[in-house]
Amino acid sequence: MRFSIYRYNPETDQEPYMQDFELPASEVEPGMMLLEALLRLKRLDESLSFRRSCQEGVCGSDGMNINGMNGLACITPLSALKEPVTLRPFPGMPVIRDLVVDMSTFYRQYRNAKPYLIVRDVEPEVERKQSPADRDRLDGLYECILCGCCSASCPSYWWNPDRFMGPAALLQAARFIMDSRDQATEDRLESLDDAYKLYRCHTIMNCVQVCPKGLNPTKAIGDIKKQMLVRSV
Amino acid sequence: MSRRGLQGQRPWIFQRLTAIYLAVYFVYFIVALLAGAGADYESWRAWLTHPLMFTATGLFFGALLLHAWIGVRDVILDYVHPFALRLTALTLVGLFLLGCGLWALKVLILATLG
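Taken in order, these protein sequences are the chains called P and B.
For the first sequence, this note's numbering assigns the number 474 to the initial residue and increments by one for each residue that follows.
For the second sequence, this note's numbering assigns the number 1440 to the initial residue and increments by one for each residue that follows.
In short, the hints are calculated from the structure, not lab data.
Just so you know, not all the hints are guaranteed correct.
[Claimed, not checked] Have a look at the derived ranges for each label pair, beta carbon to beta carbon:
hint, chain 1, residue 1, chain 2, residue 2, range
1, B, Leu-1498, P, Lys-555, 27 to 37 Å
2, B, Gly-1444, P, Asp-609, 32 to 42 Å
3, B, Thr-1551, P, Ile-591, 37 to 47 Å
4, P, Val-592, B, Gly-1444, 25 to 35 Å
5, B, Leu-1498, P, Asp-609, 23 to 33 Å
6, B, Phe-1535, P, Met-678, 23 to 33 Å
7, B, Gly-1444, P, Ile-591, 43 to 53 Å
8, P, Gly-687, B, Phe-1468, 20 to 30 Å
9, P, Ser-522, B, His-1520, 42 to 52 Å
10, P, Arg-601, B, Phe-1468, 53 to 63 Å
11, B, Gly-1538, P, Lys-692, 53 to 63 Å
12, P, Ser-520, B, Phe-1535, 26 to 36 Å
13, P, Asp-612, B, Ala-1478, 58 to 68 Å
[Claimed, not checked] Residues of chain B placed beyond 12 Å of chain P at every Cβ, according to the derived structure:
hint, residue
14, Pro-1450
15, Leu-1461
16, Ala-1462
17, Ala-1528
18, Phe-1535
19, Ala-1543
20, Ala-1550
Note that the Cβ used here is the ideal one computed from N, Cα and C, for glycine as well.
Based on the sequences and whatever the hints tell you, model everything.
Take a look at the structure:
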């Protein structure tokens, strides 16, 4: 099986280049995922760098651009890929080495969403209760694993990564705006009323197309806008 | 709501409201033309200077310019990053649209004067 992989080592390379790899057919097993192929290629060339951890689509470490679409290598079946399989780092993010990108801007935007409950009441003696119906509103929001596939596929985020929060962070913002237990809804909505943070989203929907967990950040962003409208009218 | 920096929600709302108004006006305008309104100069002028039509047309140009401003502003915010360049681009677009607005106003007022 043929691969074409983006290589860049800042210590030795003047600029990035694409390197061809060949994985012998004997190494390709039925049902094998792309990550396993990468691990086997790494045996051939130990300098090939990429992030991975859980290998089952939960940790979100091995996000990369696979044949032009962002996705997780560990849950992408090799059989679904056209050859040569072209692997690049996430578009729009600074490359540290090969397929490893610097995600600090992405994490900063995540922090900007204040991804935690803000409660002003006195701590209850037992747990903070929530009705099943209120809990259901968090479905499709809490499952995000922060792999970055969505934000790295969003043109608005490519152009303004430092000011537009991007689909992943906005999904988290929505997750806490929708949470019945949170008491900072007003502040959260107010801080998003800005030409950049939220309103650079032009419903391009690349985020929805690539999300490996099948989430819908565009809908979450629309729900934030709706909440804002309800509060301001 | 926040008053720091460029606004987000208000332009977003106005973009949608003006879009609805533009769509309604366009449909009415085209249907009226097809129905024969303004077939000659005199009937055209009588139609456009009728107080209702005059107000609707004035609002149309207002909505059109506001809609254009928000749309172009969005494109500039997306793509033009250096501060001086962005400010220049926004100013030029603003002046151009203002000029168009004044021109439309002049045409409308001259039409009422005959």
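Query raised in the report: Any of the earlier hints contradicted here, and which numbers?
Result: Hints 1, 3, 5, 7, 8, 9, 11, 12, 14 not satisfied by this model.
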